[in-house]
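Protein sequences appear in the order of chains A and Y. Positions 3 to 296 (our numbering) are the ones given, in order, by the first sequence. Positions 10 to 287 (our numbering) are the ones given, in order, by the second sequence.
Please keep in mind that the hints were generated in silico from the structure rather than gathered at the bench. A few of these clues could be false.
[Said to hold, decoys possible] Rough simulated footprint, nothing fancy, chain A against chain Y, three-plus residues with beta-carbon under 8 Å:
1. 229–237
2. 247–257
[To be verified] To give an idea of the interface, some chain A residues facing chain Y are shown, with a C-beta separation under 8 Å as derived from the structure:
3. I11
4. L15
5. L16
6. L282
All C-beta atoms in this analysis are idealised placements derived from N, C-alpha and C, irrespective of residue type, glycine included.
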Amino acid sequence: MALRRQSVILGALLAPVTLFLGVFFVLPLLIIAVFSFLTPGLYGGVEWAFYHWNYGRIFGWADGIIELYEPIYLRILLRSLTFAALTVIVTLILCYPVAFWVSRLPDRWRLAFLFLITLPFFSSLIVRLYAWLLILKPTGLFNSVLLKLGLIGQPLEILYTPTAVVLGMVYVMIPFMFLPLYASVDNLDRAQVEASLDLGANRVQTFVKVVVPQTLPGILGGAVIVFIPSVGNFIVPDVLGGAKGLMVGNLVEQQFLSSRNWPFGSALSMIIMAVVLTVLLIAVARARKGSGNA
Amino acid sequence: MRNPWGWIALTGFSLLFFAFIYAPLLVIIGYSFNANPVNMMIWEGFTLDWYAGLFGLSDRATGVGNRAAYIESTDQMLAALRTSLTVAVFTTTISTVIGTATAIALARYRFRGRGFYNGFLMLPMMMPDIVLGIGLLIFFVTLGMQLSLVTIIIGHCTFLTSYVFIIVQARIAGLDPALEEASADLGASEWTTLRKVLLPQLAPGIMGGALLAFVISMDDLVITYFISGVGDTTLPVFIFGMIRRGVKPEINAIATLIILASVIIAALGLWLRSRKTD
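Hey, can you work out the whole structure from these sequences and the hints?
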């Protein structure tokens with residue numbers, strides 16, 4: 003009796019999420035997969051016929067003409083991976099020392115600074131990017147200040163370059179790197195650090211052999227949740243990137259909203275999805291292995 | 010720290026880090042009061058014109074000096090704000106109900122497929138916005154569904170349910186199951202225990218999840234961008250469009266108001282979290 007009631011309530015609790023995500027999450031992803039193998043129609047539509055050259059095009063062979071190898075899309079894809087990796091590295095370098103600093107502050111200050119880290123997360127993404135647009139413009143704050151100080155003779159061109167894109171992504175991703183990193187750093191066993199130093203290891207050795215391995219879960223966690231939204235990002239390169247900072251996300255957007263080649267856009271999205279799932283699977287496998295060893 | 014200089018250097022670096030995070034926001038706030046309409050980076054005195062202009066109260070126009078264009082964009086902006094609020098209220102309600110139900114199911118029942126659900130619910134959060142956005146676009150168009158407020162709300166719920174789930178699940182993990190066991194031992198039905206014992210204890214977690222869902226829904230740009238109908242622009246999509254068309258001082262004023270609103274909401278969230286409820 004009790005068991006049956008339990009299963010009725012359990013069913014009622016699980017049914018909404020199962021139905022909702024089944025229809026509006028799983029089906030849309032499956033439809034992308036289907037569309038990525040359809041033939042692009044002449045005027046922006048699709049023909050329901052199998053076509054694998056959407057993928058061929060990504061890797062450099064447009065529409066089945068093997069002789070014309072032009073890996074322009076592959077280059078943009080590699081650029082996106084590079085930008086995302088750079089974003090991970092820069093956020094890590096910026097956040098690691100600060101996480102240490104915050105974890106050693108007295109309680110009240112620590113909570114205040116943690117609040118300050120999470121606050122931008124609550125404020126609008128587009129507003130924060132817009133701020134950088136103002137700062138980096140040729141007539142913007144950054145150049146004005148440098149010109150006034152006489153450090154440069156003419157405005158530096160930072161806006162609409164890869165530097166601006168990576169800077170923008172670093173800026174919006176900082177909280178995502180900081181929080182997992184902080185959780186790890188805060189759990190660091192200080193006695194082990196002291197022991198390592200007392201036993202004659204120098205600071206660098208202690209850092210590499212004691213501190214880094216202990217905070218590795220935070221580093222990897224932060225890296226994954228910064229890398230994933232960075233790869234497919236199209237807002238940051240759209241606002242700050244220009245033609246030289248174009249990423250795969252911009253390509254997808256163009257296929258859907260201006261070129262109207264939905265099958266090709268779907269194929270590009272499948273590649274983004276494949277990258278994301280690969281990264282996630284590696285992260286999960288590592289986490290499993292890590293907890294198995296401990 | 011054994012070495013005081015090391016600590017001083019670390020403190021200096023950290024303070025610079027926080028300056029880096031906050032300087033851009035302060036730049037916008039400062040320049041939203043700058044009277045210079047042509048180059049908004051050159052200070053020309055204090056003005057509230059751009060704020061007045063946002064609400065159609067100022068004759069002063071940027072660049073070409075076209076008052077009609079202003080009022081039109083004021084109306085559009087307020088309409089976008091209304092759309093954003095409507096979407097956020099519905100999204101928050103739906104995703105909070107579904108997310109909470111899911112969290113209770115996974116925390117309080119043992120069943121086959123529990124591990125699957127735990128992993129599966131991470132996917133909507135990890136899926137890049139653009140993939141989910143175009144997936145929903147193709148889905149709605151293929152089904153012949155008109156893009157509208159409803160499609161935006163559906164889109165937001167697909168990933169916000171997971172956020173609510175995570176927050177509520179964390180709250181359940183911190184609860185003492187003995188209270189519910191006591192309730193069951195004293196003869197309360199499973200449903201009564203759930204409603205009268207578990208739910209009240211979860212209230213802060215549910216509020217926290219709802220608040221997070223509301224904030225993210227208000228701020229979502231990418232998914233909304235793909236699945237909003239022609240007439241249903243949300244505030245972030247509206248601002249994105251404005252920025253794409255060119256930078257105007259009014260954007261500084263909107264941006265400042267948004268920053269202000271988010272500080273208030275974040276403070277509210279902090280207060281909710283720190284409040285002792287049990």
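- Go through the numbered hints given earlier and state which of them the structure violates, listing their numbers in rising order. none
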